[in-house]
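Residues per chain are reported as follows:
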Amino acid sequence: MDYVPIAAQPEIRETTRRRFFIGAIYAVWGGIAAALGVPALVYLFFPPKVRKDEVWIEAGDIGKVPPRSPVEMVFRRNRTDGWRIISEKSTAWVVKLADQQVVAYGPQCTHLGCAYHWDDGKNEFVCPCHSSLFSMDGKVLSGPAPRPLDRYETKVQGTKLLLGKLDRPGEQRA
Amino acid sequence: MKRRWEYASSWLDNRTGIQTAVRQFLYEEIPASSGWRQVFGSVAIFLFLVQAFTGALLAFNYAPTPGDAYNSLRYILTELTGGRLIRGLHHWGASMMIVVVVLHMVQVFLYGAYKKPREATWMVGVVLLLVTLAYGLTGYLLPWDNRAYWGTVVTTQIAGQAPVVGPYLTRLLGGGGAVGVVTFARFYGMHVLLLPPATLLLIALHVYLVRKHGVAPLPGDELVPKKQFYPVQVFQDTVAIFVAFAVLFLLAVAARVPLEQLADPTDTSYIPRPEWYFLFLFQTLKLFQGPLEVVGAVVLPGLAVLTLILVPFLDRGKMVKVTRRTVAFASVALAAVGWTGLTVAAVKSTPHPSEEAQVDYSAPTDWMQLSPEEMAGVAYFREENCMSCHAIGDRGNKVGPDLTTTSIHRDAAWMIQHFKRPSAMRPGSSMPPIQLSDAQLNSLAAFLLKLNPDNATALENAPDFALQGALVFQANHCAACHLINGVGMTVGPPLNGLAQRQSRSWVEEHFADPQKLSPGSIMPPYKLSPKDLENLTSYLFALPD
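These protein sequences, in sequence, are chains V and S. So the first sequence is residues 66 to 239, counted in the numbering used here. So the second sequence is residues 194 to 738, counted in the numbering used here.
I should point out that these hints are in silico values taken from the structure, not numbers from a laboratory. Misleading hints may appear alongside valid ones.
For each label pair, taking beta carbons as the anchor points, the in silico distance ranges come out as [said to hold, decoys possible]:
| hint | chain 1 | residue 1 | chain 2 | residue 2 | range |
| --- | --- | --- | --- | --- | --- |
| 1 | S | Ala252 | V | Ser134 | 53 to 63 Å |
| 2 | V | Arg149 | S | Leu496 | 19 to 29 Å |
| 3 | S | Val450 | V | Cys194 | 51 to 61 Å |
| 4 | S | Arg694 | V | Leu206 | 52 to 62 Å |
| 5 | V | Ser152 | S | Pro646 | 20 to 30 Å |
| 6 | S | Trp229 | V | Arg149 | 48 to 58 Å |
| 7 | V | Cys194 | S | Pro646 | 22 to 32 Å |
| 8 | S | Pro687 | V | Pro234 | 24 to 34 Å |
| 9 | S | Leu387 | V | Arg144 | 33 to 43 Å |
| 10 | V | Val139 | S | Gln562 | 23 to 33 Å |
For lysine-lysine, the following BS3-like pairs were computed, each having C-alpha atoms within a straight-line distance of at most 30 Å [claimed, not checked]:
| hint | chain 1 | residue 1 | chain 2 | residue 2 |
| --- | --- | --- | --- | --- |
| 11 | S | Lys511 | V | Lys225 |
| 12 | S | Lys591 | V | Lys114 |
| 13 | V | Lys230 | S | Lys511 |
| 14 | S | Lys308 | S | Lys511 |
| 15 | V | Lys154 | S | Lys308 |
| 16 | V | Lys114 | S | Lys643 |
| 17 | V | Lys220 | S | Lys591 |
Short derived list, chain V residues pointing at chain S, Cβ under 8 Å [as the list claims (entries may be wrong)]:
| hint | residue |
| --- | --- |
| 18 | Phe86 |
| 19 | Ala89 |
| 20 | Gly95 |
| 21 | Ile97 |
| 22 | Tyr108 |
| 23 | Trp148 |
| 24 | Pro193 |
Yeah, the Cβ is synthetic: ideal placement off N, Cα and C, and Gly gets one too.
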């Protein structure tokens with residue numbers, strides 16, 4: 066009887082052929098799923114390329130601020146929201162403290178976020194909502210406020226006051 | 194473990210019947226003659242699924258209102274990782290779908306597979322072709338750039354010409370001939386809300402009919418034992434799908450899909466062109482002028498669709514061998530020649546894009562914010578091949594220092610001295626002196642001082658015409674009277690937004706003889722070479738408003 070190699074026997078050839086087809090089908094579909102899935106995940110989960118918001122924003126002229134007399138400065142700040150750049154009005158209470166140190170407070174009371182103001186007669190920051198009182202250096206004098214006024218990072222260039230991030234201690238940031 | 198798996202799968206099958214259904218689907222019997230020629234239907238379904246997937250991904254970052262649509266698409270293209278690829282897949286996938294659907298129809302047509310009892314399968318297929326075209330038509334508007342806007346203006350006006358239903362169609366497409374927010378909303382609604390479920394239903398019906406009547410056999414095939422769909426035919430379908438996907442992926446990676454400027458309804462000079470697969474219709478339209486226009490616009494395409502639907506009733510003979518279907522082959526050849534002829538004619542009559550300097554808004558355009566002096570600096574930067582030694586972020590060579598991080602610590606005076614005698618400012622530097630005039634070195638320094646890691650890639654995108662235009666602007670000291678991006682003098686009018694105020698030809702004529710066009714102007718005439726004139730005008734027209 067003639068010798069027939071195993072691979073040439075009809076049934077075996079048929080099964081290897083079948084195996085090859087099935088293997089190829091799985092391989093191709095796996096490859097396609099990866100080629101679509103990986104870019105999709107990257108697209109959805111990678112953060113947008115950093116279009117950095119301005120780090121230091123010019124708030125105003127510090128030369129005009131008298132020492133130990135808080136002034137409310139209004140400035141515009143750009144915020145990037147997806148494909149939009151939103152220009153928002155922001156304010157800061159700016160004080161030149163005795164030692165020529167400039168401090169800028171965020172405009173909201175640390176209790177529940179009401180807008181407080183400076184009372185010249187009392188020489189205190191007064192929150193109208195729940196009567197929290199703050200001193201010129203931001204410390205809580207009385208009322209329910211849990212912590213001193215929040216401060217912006219500041220930088221002075223000539224007489225220009227530049228503001229950075231608002232530092233909110235104790236508040237969780239995402 | 195194995196037993197547990199078997200238990201789980203038999204439970205699932207018992208409760209849902211899913212395995213039985215899949216098995217029935219895969220082990221369906223098909224004629225022994227089936228093979229490679231029948232792969233196109235599967236490829237078409239696959240491409241539809243890719244479109245649905247990439248379309249959903251795009252929708253996650255897309256705002257479907259005019260204006261915002263454009264900005265959000267730019268955001269996808271320039272800010273999101275992988276956004277360009279996803280849009281490329283969706284854009285080229287649409288074209289490939291048309292190609293594959295047509296190939297599928299040609300195959301069925303040549304083999305006469307629409308004959309009794311498969312007439313309904315064919316007719317549903319024709320409707321699916323129309324649905325595919327409707328996707329192309331409605332999707333074309335969604336980027337809301339000039340191309341999208343003006344293309345759709347033409348489309349809606351053609352629809353308005355249809356006899357009897359014309360006015361109703363116009364109203365349905367969102368108003369009195371003008372393309373605006375309503376048209377946009379309706380096109381978007383059609384594209385993402387109406388067409389996809391309709392497609393799914395039609396595909397289900399189409400596949401059901403294919404299964405009901407079985408895959409069409411060749412004549413004489415009925416006597417040969419049948420084979421199963423799985424695995425050989427599935428393998429062949431998979432290979433075809435793989436080839437189609439590879440082509441699509443390569444196109445999406447390599448062929449840039451441009452984005453033109455934001456749609457400008459007042460731009461009367463824009464010459465609209467439809468997508469390539471509609472060009473033949475566009476050309477047909479041109480053959481019919483005046484009152485006959487309706488023939489080219491509506492009557493002929495309508496008759497063509499009607500004929501296509503009625504094919505199974507026009508050709509009712511018995512199935513014969515494909516090689517004996519000479520009439521079918523002749524029809525396909527005739528249609529192919531006609532289509533190609535019309536398309537080529539349309540392409541030939543399209544003004545060449547290089548005639549007009551086009552800005553590609555699908556890439557960052559930070560260069561538009563630069564002053565002319567800084568733009569000229571970019572030109573010298575390229576001319577002097579600075580990147581053959583210096584790195585710009587992660588691009589360029591690393592022989593010299595990375596200019597995006599080092600130059601911000603210098604000032605212009607230092608840089609200019611350094612350009613003239615590099616080794617005097619930095620002992621041991623192997624940089625050759627740059628042979629440019631002081632004014633030119635000033636420009637180069639001005640540009641380098643602006644360079645940072647964030648804007649580096651954007652500056653590489655500055656188109657050549659803008660650089661050349663800025664050089665002409667600098668050479669003629671235009672900034673001594675005119676303001677661009679806040680730099681220059683205000684003796685003459687500021688040049689930002691010039692494109693809104695004047696036409697291109699007006700500006701070009703104005704250079705030669707300012708007093709003729711604006712009497713009393715103190716601007717001296719400028720004799721510019723045609724090339725300089727073109728570059729300068731294109732540059733001025735590309736400035737932000």
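A quick look at each hint next to the structure:
1. S/Ala252 / V/Ser134: 53 to 63 Å: holds (54 Å)
2. V/Arg149 / S/Leu496: 19 to 29 Å: For S/Leu496 against V/Arg149, whose Cβ atoms are near 48 Å apart, the range 19 to 29 Å is violated.
3. S/Val450 / V/Cys194: 51 to 61 Å: holds (54 Å)
4. S/Arg694 / V/Leu206: 52 to 62 Å: holds (60 Å)
5. V/Ser152 / S/Pro646: 20 to 30 Å: For S/Pro646 against V/Ser152, whose Cβ atoms are near 25 Å apart, the range 20 to 30 Å holds.
6. S/Trp229 / V/Arg149: 48 to 58 Å: holds (51 Å)
7. V/Cys194 / S/Pro646: 22 to 32 Å: The hinted range 22 to 32 Å is violated for V/Cys194 and S/Pro646, with Cβ atoms some 45 Å apart.
8. S/Pro687 / V/Pro234: 24 to 34 Å: violated (47 Å)
9. S/Leu387 / V/Arg144: 33 to 43 Å: Roughly 37 Å apart at Cβ, these two residues keep to the hinted range, so it holds.
10. V/Val139 / S/Gln562: 23 to 33 Å: holds (26 Å)
11. S/Lys511 / V/Lys225: Cα-Cα ~91 Å, so violated.
12. S/Lys591 / V/Lys114: Since the Cα atoms of S/Lys591 and V/Lys114 sit roughly 24 Å apart, the hinted pair holds (cutoff 30 Å).
13. V/Lys230 / S/Lys511: Outside the cut-off at roughly 81 Å; violated.
14. S/Lys308 / S/Lys511: Cα-Cα ~8 Å, so holds.
15. V/Lys154 / S/Lys308: violated (71 Å)
16. V/Lys114 / S/Lys643: holds (19 Å)
17. V/Lys220 / S/Lys591: Since the Cα atoms of V/Lys220 and S/Lys591 sit roughly 35 Å apart, the hinted pair is violated (cutoff 30 Å).
18. Phe86: holds (4 Å)
19. Ala89: holds (6 Å)
20. Gly95: Violated. Min distance 11 Å.
21. Ile97: holds (5 Å)
22. Tyr108: holds (4 Å)
23. Trp148: Because about 4 Å separates V/Trp148 from the closest Cβ in chain S, which is inside the 8 Å limit, the hint holds.
24. Pro193: violated (39 Å)
Against the hints set out earlier in the document, violations occur for numbers 2, 7, 8, 11, 13, 15, 17, 20, 24.
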